[in-house]
Amino acid sequence: SQKIEQNSEALNIQEGKTATLTCNYTNYSPAYLQWYRQDPGRGPVFLLLIRENEKEKRKERLKVTFDTTLKQSLFHITASQPADSATYLCAGDTDKLIFGTGTRLQVFP
Amino acid sequence: NAGVTQTPKFQVLKTGQSMTLQCAQDMNHEYMSWYRQDPGMGLRLIHYSVGAGITDQGEVPNGYNVSRSTTEDFPLRLLSAAPSQTSVYFCASRLAGGRHEQFFGPGTRLTVL
Numbered sequence: 001s002q003k004i005e006q007n008s009e010a011l012n013i014q015e016g017k018t019a020t021l022t023c024n025y026t027n028y029s030p031a032y033l034q035w036y037r038q039d040p041g042r043g044p045v046f047l048l049l050i051r052e053n054e055k056e057k058r059k060e061r062l063k064v065t066f067d068t069t070l071k072q073s074l075f076h077i078t079a080s081q082p083a084d085s086a087t088y089l090c091a092g093d094t095d096k097l098i099f100g101t102g103t104r105l106q107v108f109p
Numbered sequence: 110n111a112g113v114t115q116t117p118k119f120q121v122l123k124t125g126q127s128m129t130l131q132c133a134q135d136m137n138h139e140y141m142s143w144y145r146q147d148p149g150m151g152l153r154l155i156h157y158s159v160g161a162g163i164t165d166q167g168e169v170p171n172g173y174n175v176s177r178s179t180t181e182d183f184p185l186r187l188l189s190a191a192p193s194q195t196s197v198y199f200c201a202s203r204l205a206g207g208r209h210e211q212f213f214g215p216g217t218r219l220t221v222l
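Protein chains in written order, with our numbering: chain B, 1 to 109; chain Y, 110 to 222.
Since the hints were derived computationally from the structure, they do not count as laboratory data.
A portion of the hints provided could be inaccurate.
Residues of chain Y placed beyond 10 angstroms of chain B at every Cβ, according to the derived structure [stated by the list, open to error]: (1) Gln126; (2) Glu181; (3) Leu188; (4) Phe212.
Looking from chain B toward chain Y, a few residues come up when the C-beta cut is under 8 angstroms (computed) [claimed, not checked]: (5) Pro40; (6) Arg42; (7) Leu49; (8) Asn53.
Fair warning: this is a prediction, and the values are worked out from it, not measured in the lab.
All residues carry an ideal CB built from backbone N, CA and C; glycine is no exception.
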């Protein structure tokens, strides 16, 4: 079955460092990958979208890559801040969005 | 714009009871969907709709019914609630086709005793 996999272990990093989150997909080829942020008790909020023919996309401190050979997307937050602490979800986009389990990021001062 | 709204925010049911979770959006989005979110399982797609009168099953449709009589509304019905349906339910909407961001509602926390 179509699957999106994210590292379920929490990622703990120090403020100011770059956080890198990984998303792998199996058994299908999404035309787009999307990244969302989810805070406790709230619905996910869209951050970035990247097409399969784009290698990289940036938005302020965020950068996402899409490697169709490795079937992987990397999501980077540069100069991370405690306010970036949240769960980040990757989703593969074909005719419907299929989400991974998310990776919880904790940025400590 | 209110965006995507869901009611109720919290609900407790007894096994075997039925109820409807309401979802509405005011962005004229063709595509609407329902997800459930459980610890360690992520967001799992229950049902989705690409327009009024059209619905389709997602990954975990059993025990749930949907209908789409208008563009704005997409209710989710639990016919006979079971403890396994205890979860947080999210409704979402977006424009049809790929490459569009999805907007989520605030969620409904459902407990089935």
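These are the hints, each one checked on the structure:
no.: 1; hint: Gln126; verdict: 25 angstroms, holds
no.: 2; hint: Glu181; verdict: 18 angstroms, holds
no.: 3; hint: Leu188; verdict: 23 angstroms, holds
no.: 4; hint: Phe212; verdict: 7 angstroms, violated
no.: 5; hint: Pro40; verdict: 11 angstroms, violated
no.: 6; hint: Arg42; verdict: 7 angstroms, holds
no.: 7; hint: Leu49; verdict: 6 angstroms, holds
no.: 8; hint: Asn53; verdict: 12 angstroms, violated
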